[in-house]
Amino acid sequence: MDLPSALQKLSTFRARSTRASQETFDKGLVVLKGNGLKKLGDESWSFLEQLALAAIDVGRLDIADRCLQLLTDKFPGSPRVDCLNGVRKEVTESPDAALAYYNHLLDADPVNVAFWKRKVSVLRRMGRIDEAVSELVELLDTYYTDVEGWLELADIYSSCRQYTSSLQSLAHVLLLAPQNPFHVLRFAETAYTAGDVSLAMKSFLNVIDMADADEDAPLEQVPSGFTVRAWFGIKQCARRLQRERLVSPSQTPVPDHLQLLDELATERLKTVYAGRDKSDKEATEVLEWLARG
Amino acid sequence: MSSNAVSLYLDPQIRDWVLFPITLVMILVGILRHYVVILLQSPPKKLPRAAIREQRALVRSQILRATSTNSPISESFYKSISRNLSQAFEAGTYLKDGPPKADAPSTPPNPLSDPNAMDGMMAGMKTQMVMMVPQMVIMGWINFFFQGFVLIKLPFPLTLGFKSMLQRGIETPDMDVRWVSSLSWYFLNFFGLNGLYRLILGGDNAADSTRDMTTPFAAGVPQAPGQAQDYNKLLKAEKDNLELAEGLYSWVGKDVEQRVLRRYGKLHSSL
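These protein sequences, in sequence, are chains H and A. Letter by letter, the first sequence follows residues 1 to 293 of full-length UniProt numbering. Letter by letter, the second sequence follows residues 1 to 271 of full-length UniProt numbering.
Excised from the complex, chain H in its bound form (with noise of 0.2 Å):
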């Protein structure tokens, strides 16, 4: 691999804040021996900061500290270092330090984002969920616009079963970041999820109302990706719509044309799985389910 392409990637990776580890470290490695700092200019600092990151999350201490020395020396005192730092140390010390390192530097630096959900993150890996959510609350009544924390308190309420916190999480990622289908697809099943079927089958024909907005003739391609899934809840609604009087707790009423979404629904997923092997296990069974209701 050669150090141009390395550098490429390395800064797609960046701009996209993919956390692509392996190949993160791999390509970083080929940088730091190749001698890419110097050709990367001012940029070298935030590839230190993502290699340290990569180097941590696949284990490789030793190169993580070689980059955490180097930008330390840089830059003495800077909150985004010092955040990095306790990364590390929730790497190998217990919790409990990593804990009081965060809460040392939030007392020096009150507002401080990146050391507030480092510390959600550790109370939550601690199992300490009460405080982990009262914590990120407060965070996101300070500051509203992070899409990132309001998603992550929706996963918090879901693994705890609370689905209508979730939801409500949920509704606030929609708001701040409206543009985004996958948001509203895991509001669709969050909402089916807490038993607000109506609401989630709206959602999810949002969902495929927003994917193939752009798509001229949406009947002759085949659904891909997360498609497919929004289709598969949009039949599973429709199926318990027509059979069930399922009250919303929303008050969403029920979409009209019932049968109509149903049948179009069965036709985009055979689309996706008629043409398969016969031995195709999964397939088999995907259209046996589509052909009992």
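For the record, the hints were derived by calculation from the structure and aren't laboratory data. Since the structure is predicted, the reported quantities are computational estimates derived from the model, not experimental observations. It is possible that part of the hints are untrue.
With a Cα cut of at most 25 Å, we get these calculated SDA-like pairs of lysine to any residue [claimed, not checked]:
{"id": "1", "chain 1": "A", "residue 1": "Lys-239", "chain 2": "H", "residue 2": "Pro-178"}
{"id": "2", "chain 1": "A", "residue 1": "Lys-239", "chain 2": "A", "residue 2": "Ile-81"}
{"id": "3", "chain 1": "H", "residue 1": "Lys-38", "chain 2": "A", "residue 2": "Leu-19"}
{"id": "4", "chain 1": "A", "residue 1": "Lys-266", "chain 2": "H", "residue 2": "Arg-292"}
{"id": "5", "chain 1": "A", "residue 1": "Lys-79", "chain 2": "H", "residue 2": "Asp-57"}
{"id": "6", "chain 1": "H", "residue 1": "Lys-89", "chain 2": "H", "residue 2": "Glu-135"}
{"id": "7", "chain 1": "H", "residue 1": "Lys-117", "chain 2": "A", "residue 2": "Pro-48"}
{"id": "8", "chain 1": "A", "residue 1": "Lys-45", "chain 2": "H", "residue 2": "Phe-75"}
{"id": "9", "chain 1": "H", "residue 1": "Lys-9", "chain 2": "H", "residue 2": "Arg-19"}
{"id": "10", "chain 1": "A", "residue 1": "Lys-266", "chain 2": "A", "residue 2": "Trp-251"}
{"id": "11", "chain 1": "H", "residue 1": "Lys-117", "chain 2": "A", "residue 2": "Lys-96"}
{"id": "12", "chain 1": "A", "residue 1": "Lys-239", "chain 2": "H", "residue 2": "Lys-117"}
{"id": "13", "chain 1": "A", "residue 1": "Lys-239", "chain 2": "H", "residue 2": "Leu-176"}
{"id": "14", "chain 1": "H", "residue 1": "Lys-117", "chain 2": "A", "residue 2": "Arg-53"}
{"id": "15", "chain 1": "A", "residue 1": "Lys-236", "chain 2": "A", "residue 2": "Lys-126"}
{"id": "16", "chain 1": "A", "residue 1": "Lys-266", "chain 2": "H", "residue 2": "Ala-274"}
{"id": "17", "chain 1": "A", "residue 1": "Lys-46", "chain 2": "H", "residue 2": "Leu-106"}
{"id": "18", "chain 1": "A", "residue 1": "Lys-96", "chain 2": "H", "residue 2": "Glu-131"}
{"id": "19", "chain 1": "A", "residue 1": "Lys-96", "chain 2": "H", "residue 2": "Lys-89"}
{"id": "20", "chain 1": "A", "residue 1": "Lys-46", "chain 2": "H", "residue 2": "Lys-39"}
{"id": "21", "chain 1": "A", "residue 1": "Lys-79", "chain 2": "H", "residue 2": "Lys-89"}
{"id": "22", "chain 1": "A", "residue 1": "Lys-46", "chain 2": "H", "residue 2": "Tyr-144"}
{"id": "23", "chain 1": "A", "residue 1": "Lys-46", "chain 2": "H", "residue 2": "Asp-256"}
{"id": "24", "chain 1": "A", "residue 1": "Lys-233", "chain 2": "H", "residue 2": "Leu-219"}
{"id": "25", "chain 1": "A", "residue 1": "Lys-46", "chain 2": "H", "residue 2": "Leu-7"}
{"id": "26", "chain 1": "H", "residue 1": "Lys-9", "chain 2": "H", "residue 2": "Asp-57"}
{"id": "27", "chain 1": "A", "residue 1": "Lys-254", "chain 2": "H", "residue 2": "Val-228"}
{"id": "28", "chain 1": "A", "residue 1": "Lys-96", "chain 2": "H", "residue 2": "Asp-109"}
{"id": "29", "chain 1": "H", "residue 1": "Lys-39", "chain 2": "A", "residue 2": "Arg-53"}
{"id": "30", "chain 1": "A", "residue 1": "Lys-266", "chain 2": "H", "residue 2": "Thr-266"}
{"id": "31", "chain 1": "A", "residue 1": "Lys-46", "chain 2": "H", "residue 2": "Ser-224"}
{"id": "32", "chain 1": "A", "residue 1": "Lys-79", "chain 2": "H", "residue 2": "Lys-117"}
{"id": "33", "chain 1": "A", "residue 1": "Lys-266", "chain 2": "H", "residue 2": "Pro-223"}
{"id": "34", "chain 1": "A", "residue 1": "Lys-96", "chain 2": "H", "residue 2": "Glu-135"}
{"id": "35", "chain 1": "A", "residue 1": "Lys-79", "chain 2": "H", "residue 2": "Tyr-192"}
{"id": "36", "chain 1": "A", "residue 1": "Lys-266", "chain 2": "H", "residue 2": "Ser-279"}
{"id": "37", "chain 1": "H", "residue 1": "Lys-117", "chain 2": "A", "residue 2": "Ile-63"}
{"id": "38", "chain 1": "A", "residue 1": "Lys-266", "chain 2": "H", "residue 2": "Leu-290"}
{"id": "39", "chain 1": "H", "residue 1": "Lys-281", "chain 2": "H", "residue 2": "Asp-256"}
{"id": "40", "chain 1": "H", "residue 1": "Lys-117", "chain 2": "H", "residue 2": "Tyr-163"}
Chain A: place on chain H using the hints.
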């Protein structure tokens, strides 16, 4: 102009001992000032959590309102968030000093009484002093030693209108406008050196002295106007906006099933 026949000859010593020194001194003073300002700058003060919360309270309702005509969230969620915000704005939950007392005077806070604002203003004054004092000294120096000097001849002809600009300090009606006097050279440098500073010190330098002539106090205190704001009033006003947005509210999922069915040809537009 027939007087062109009578040309001036400038002593090269004027070039070496007046023109170059003035330019050099001004450049050096600009660079020096850049570093002095960096030394004087105190790091921005950390706001406490409550203050940040207060500053950002408005953003919540702005985000909610931004998408209200095509909102990504369904009606019950929208209404609950909207009502919640309205109530909080009304009750002053987001104010950093807590809900206002009923008998408190409704005047906006005096910026001079707030120690934080005071600090910011002092910083502004300090940089201002660093800017103004050297300029005054240089101007005095030029006025004292080189008053009435003709320093340079511009290589291009100019109309008479430029006479007051280029020959300040020399009261002659007949001299060619291309001759530049010492005081005018100072002003030309004063306004014209910014490009050079940008080359030497980078774009965000503090050497340019013309900048703070246009906006006094603005140099060191970007957040000063924000601190004098009366958030209570702002939030109360935002409440009306919220009500307005609620009237315009419509869920993006309201007739999504028809849109999807139509796209896939299950439902014809006439239906």
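Pair hint outcome, A:Lys-46 versus H:Tyr-144 [Cα-Cα no greater than 25 Å] | Given that 25 Å is the threshold and the Cα spacing comes to 19 Å, the pair holds.
Given the proposed pairing of A:Lys-239 with H:Lys-117, does the C-alpha separation stay at or below 25 Å?
-> Answer violated: A:Lys-239 to H:Lys-117 is near 31 Å, above 25 Å.
Holds or violated: H:Lys-9 with H:Asp-57, Cα cutoff 25 Å?
-> holds, 18 Å
Proposed proximity, H:Asp-57 with A:Lys-79 (alpha carbon, max 25 Å) = Judged against 25 Å, a Cα distance of about 42 Å means the pair is violated.
Does A:Arg-53 lie within 25 Å of H:Lys-39 when you go C-alpha to C-alpha?
-> violated, 42 Å
Does the structure keep A:Lys-239 and A:Ile-81 at a Cα separation of 25 Å or less?
-> holds, 12 Å
Are the Cα atoms of A:Lys-96 and H:Asp-109 separated by 25 Å or less?
-> Holds, at roughly 18 Å.
Could you grab the alpha-carbon distance between A:Lys-96 and H:Glu-135 and see if it respects the 25 Å cut-off?
-> holds, 19 Å
Given hint H:Lys-89 paired with A:Lys-96 - CA-CA distance at most 25 Å = violated, 35 Å
Distance restraint between A:Lys-79 and H:Lys-89, which requires alpha-carbon spacing of 25 Å or less = violated, 44 Å
Between A:Lys-266 and A:Trp-251, is the straight-line Cα distance small enough, at 25 Å or below?
-> holds, 23 Å
Starting from A:Lys-266, check that the Cα of H:Pro-223 is at most 25 Å away, please.
-> holds, 17 Å
Going down the numbered hints, you'll see the structure goes against 3, 5, 12, 15, 19, 20, 21, 23, 24, 25, 29, 31, 32, 36 and 39, while the others check out.
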